[in-house]
Amino acid sequence: MFYQEINILEQEEVPSHAVMAQVYSKIHIALAELNNRLNVVPVGLSFPEYDYQPNRGKHQNTVGKKIRLIAKDKECLTNLNITKYLCRLFDYITLSSIQSVPVGITNFSIYKRKQVKSNAATLARRIVNKTGVEESIALEKAKNSLTFTDLPYVCLSSYSTSANVSNNRFTLHIEKLRADSETAFVFSTYGLSSLSALPDF
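Numbering that gives the first Met the number 0 puts the first residue of the sequence shown at 0, with every later residue one more than the last.
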């Protein structure tokens with residue numbers, strides 16, 4: 000197994016969460032393009048500084064300032080060519096070479112996306128489109144269906160065809176679960192999976 004590590008540097012002028020958003024967006028694009036070529040995403044993301052405590056407050060819970068891209072084969076990371084996507088961010092990050100994952104690791108974790116319904120307007124639009132009810136009724140239904148979480152998150156921009164840029168931003172909440180061992184090795188274009196475990200080191 001092999002990995003590449005991205006570290007976000009301390010900067011006075013640019014907050015680390017803003018750099019994380021840019022880095023994650025570039026990784027997402029790289030993984031989506033890899034998926035287009037291979038029809039699978041064989042690279043997962045781990046967050047070694049992930050820090051979550053329930054009820055502590057969502058602004059204190061964090062994914063950290065470090066991302067590891069992990070693949071079973073060195074060739075997968077070579078084909079991903081993440082350097083090409085991150086080259087404009089090298090004033091704000093460091094990127095390691097491709098390295099072997101240390102042997103003898105006994106701790107594994109799953110990093111999965113936790114989807115929440117926290118935007119009443121967006122949810123109401125979906126209800127209108129699906130059922131054809133009036134907007135006011137859909138909005139009331141939406142408000143009763145909202146869900147929230149205090150899990151760590153990264154703010155991203157959606158690459159949908161919507162012309163309304165203000166509605167394109169969303170929060171990608173990430174949940175970390177302990178696992179006994181490495182399992183299936185297939186991920187979403189966000190590098191996350193509800194099944195695939197990655198080594199913790």
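These are calculated hints, taken from the structure and not from any lab test. No residue lacks a Cβ here, since even glycine has one placed at the ideal position from N, Cα and C. Misleading hints may appear alongside valid ones.
Now the in silico label distances, taken between C-beta atoms and shown as ranges [said to hold, decoys possible]:
| hint | residue 1 | residue 2 | range |
| --- | --- | --- | --- |
| 1 | E134 | F89 | 55 to 61 angstroms |
| 2 | I136 | V185 | 36 to 42 angstroms |
| 3 | I28 | Q59 | 27 to 33 angstroms |
| 4 | V102 | N54 | 21 to 27 angstroms |
| 5 | E174 | V132 | 29 to 35 angstroms |
The hints, checked one at a time:
1. E134 - F89: 55 to 61 angstroms: Violated, at about 47 angstroms.
2. I136 - V185: 36 to 42 angstroms: 40 angstroms, holds
3. I28 - Q59: 27 to 33 angstroms: About 29 angstroms separates the Cβ atoms of I28 and Q59, which means 27 to 33 angstroms holds.
4. V102 - N54: 21 to 27 angstroms: 38 angstroms, violated
5. E174 - V132: 29 to 35 angstroms: 32 angstroms, holds
Hints 1 and 4, counting from the list given before, are not met by this structure.
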